[in-house]
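> Below are the chains, spelled out letter by letter.
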Amino acid sequence: MSNNEYIRVSKTESFGIVTLDRPEVFNALNWQMVKEIANQLEAFDQDRQISVIIVNGSGRMFAAGADISEMKDESPVSLEYADPFRDWERIMRIKKPMIASVHGSALGGGFELALHCDCIIAAENSQFGFPEVTLGVLPGAGGTQLLTHALGRRKALEIIGVGIPISARYLYENGVVNVVCASEILHEETLQFARTFAKRPAVALRAIKESVLAAEHQSIHDGMLFERKNFYLTFATDDQKEGMNAFKEKRQPRFKGV
Amino acid sequence: MTDAYQEIIYTKQKNIATIRLNRPDAYNALTPIMLKEITKSLKHANKDPEIRAIMMTGSGRAFSAGQDLHSVGEVTRYGDFLKSSYHPLLKMMRSVEKPIVAAVNGTAAGAGMSIALAADFRLVQPRTKFVSAFVNIGLIPDAGFLSVLPRIVGYAKAMEISVLGDPIAGTEAVGLHLASLCIDEAEWEEQIEQFTRRLADSPARAMGLIKRYMYDGMDQPYDVLLEKEAAAQTIAGQSADHVEGLNAFKEKRTPTFTGH
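Going down the list, the sequences are from chains C and D.
So the first sequence is numbered by numbering that gives the first Met the number 0: it starts at 0 and just counts up by one.
So the second sequence is numbered by numbering that gives the first Met the number 0: it starts at 0 and just counts up by one.
Derived from the structure by calculation, the hints contain no laboratory data.
A couple of the hints might just be wrong.
[Claimed, not checked] For lysine-lysine, the following DSSO-like pairs were computed, each having C-alpha atoms within a straight-line distance of at most 27 angstroms:
(1) C:LYS154 x D:LYS82
(2) D:LYS227 x D:LYS251
(3) D:LYS90 x C:LYS154
(4) C:LYS198 x D:LYS42
(5) D:LYS13 x D:LYS39
[To be verified] Derived contacts from chain D toward chain C, CB cut-off under 7 angstroms, selection only:
(6) VAL223
(7) ALA230
(8) THR233
[Said to hold, decoys possible] Incomplete in silico selection of chain D near chain C, CB under 10 angstroms:
(9) SER94
(10) ARG204
(11) LEU208
(12) ARG211
(13) TYR212
(14) ASP222
(15) GLU226
(16) LYS227
(17) ALA231
(18) ILE234
(19) GLN237
Backbone N, C-alpha and C fix where the C-beta goes; we use that ideal spot for every residue, glycine too.
Hey, can you work out the whole structure from these sequences and the hints?
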């Protein structure tokens, strides 16, 4: 847990927290930082004590974007060989629920990181955006895909194409942000939200996340089959038996995650 | 702290910041420079941890005669002008967590009235005049006026003020809820300070939250505001001033709020 240069890692309750920790540059994401994030998310994913993963930022904001100074002299060929974006794919494959807890701004790579998470809790005065176009480029870590899935073609094109920030409130009203709260209680609200997941049976939750993500890139027919197989699979768990027995006996279930 | 500005005077006295519009020869008509300076000074006061209340007032006989018409001569698209000059100031006035008192020392016309309306409190003198001058030159009241005025005086009166444009005297303003107090000229300086001091010595955390959610709440459904109120009370409940308030109540003494 100690070799990280750009992130801070902590645990509370059954939650693993990754804190972006380059406040002096507003948590600009460099390649090493993304690697550290992906490494840590995978470690939490393997850690049986952890139920939910939270990603937040230290200092004045969640993250202002990618580290421009790091990449400005790259060439297409050097980028192709280094393929610095491949660590983002690892973030997409995390199986536990990931919650982004956003204060201040989540811009560019910061917004992409939030969109890689399953849920977003945002401070009511926070803002999101893709300013890449103003630098002559475009989002490279999934921004055009993830935001379009979330908001539809027209709003996504406007937001990414013009590069003007949008409010947490707008994203909340359009289903991209799950909870908006006062910035002072952002962390508390995030933990509260995480607790609601932590109480649920873990295997079912994994199957749900997998099936919901499948809905974004599979045909509805394939997705339905996928969901059905996952449904059958939950009948191999103790938690399914406990859940259904508790329901019959009119008591609260006690899930064990197996 | 008084330098750096050309068209306003910014002063700090203990926990109060005063922003004085300072073009008395032009009745403090608002120029793009002045608007920018007010915005900047508000931002500065908001960040200054010692400051707990902000007073805005005018030099000379007027509060502000409104937009300086000389500086918009070439502008044909008023909308663009409003967005670039006025909106940053108005949004700043809303987002500043500290109470803003407009000490309306004389006439507040047009956008000058709008800015007085955008403050959280208004204090007036008998000679004060609120004039919605817009319609006289074939324009509509702007700079937040159409949102704020009906919320203060009610729709019907706001319509009358906006469309007929008759001046409202300081003596009428309190009755219309346009001002908290009407103060005689002789006692003006002392009483506006006293009023602002009272705000500055209040629990700042609670004050900021009240401001934030009362404005917010006017545009929100009831159940949404209930949620926000609950969240805000959680925050206020964790403040040192709350502890002080409770202790003072139990010990039957006057609380001393530190703003934390």
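> At a threshold of 10 angstroms, is the proposed contact between D:TYR212 and chain C supported by beta-carbon distances?
With a minimum Cβ separation of about 9 angstroms from chain C (threshold 10 angstroms), the hint on D:TYR212 holds.
> Close enough to count: is the Cβ of D:ARG211 nearer than 10 angstroms to one in chain C?
With a minimum Cβ separation of about 8 angstroms from chain C (threshold 10 angstroms), the hint on D:ARG211 holds.
> With a cut-off of 27 angstroms on the C-alpha distance, tell me whether C:LYS198 and D:LYS42 pass.
Given that 27 angstroms is the threshold and the Cα spacing comes to 44 angstroms, the pair is violated.
> Hold the hint about D:ALA230 up to the distance rule: shortest CB distance to chain C must be less than 7 angstroms.
5 angstroms, holds
> Would the hint linking D:LYS227 and D:LYS251 be met if the CA-CA limit is 27 angstroms?
Violated, at about 31 angstroms.
> Hint check: D:LYS90 vs C:LYS154, CA-CA at most 27 angstroms. Holds or violated?
Satisfied, since the Cα-Cα distance of roughly 24 angstroms is no more than 27 angstroms.
> When the nearest CB of chain C is found for D:ASP222, is that gap smaller than 10 angstroms?
14 angstroms, violated
> Using 10 angstroms as the Cβ threshold, decide whether D:SER94 counts as touching chain C.
Holds. Min distance 8 angstroms.
> Compare the distance between the alpha carbons of C:LYS154 and D:LYS82 with 27 angstroms, and conclude whether the hinted pair is satisfied.
Satisfied, since the Cα-Cα distance of roughly 22 angstroms is no more than 27 angstroms.
> May I ask you to test the interface hint for D:LEU208 with respect to chain C, counting a Cβ-Cβ separation under 10 angstroms as satisfied?
8 angstroms, holds
> Answer holds if the nearest beta-carbon of chain C is closer than 10 angstroms to that of D:ALA231; otherwise answer violated.
6 angstroms, holds
> Using Cβ atoms only, decide whether D:THR233 comes closer than 7 angstroms to chain C, and label the hint accordingly.
6 angstroms, holds
The structure fails to meet hints 2, 4, 6 and 14 from the earlier list, while all remaining hints are met.
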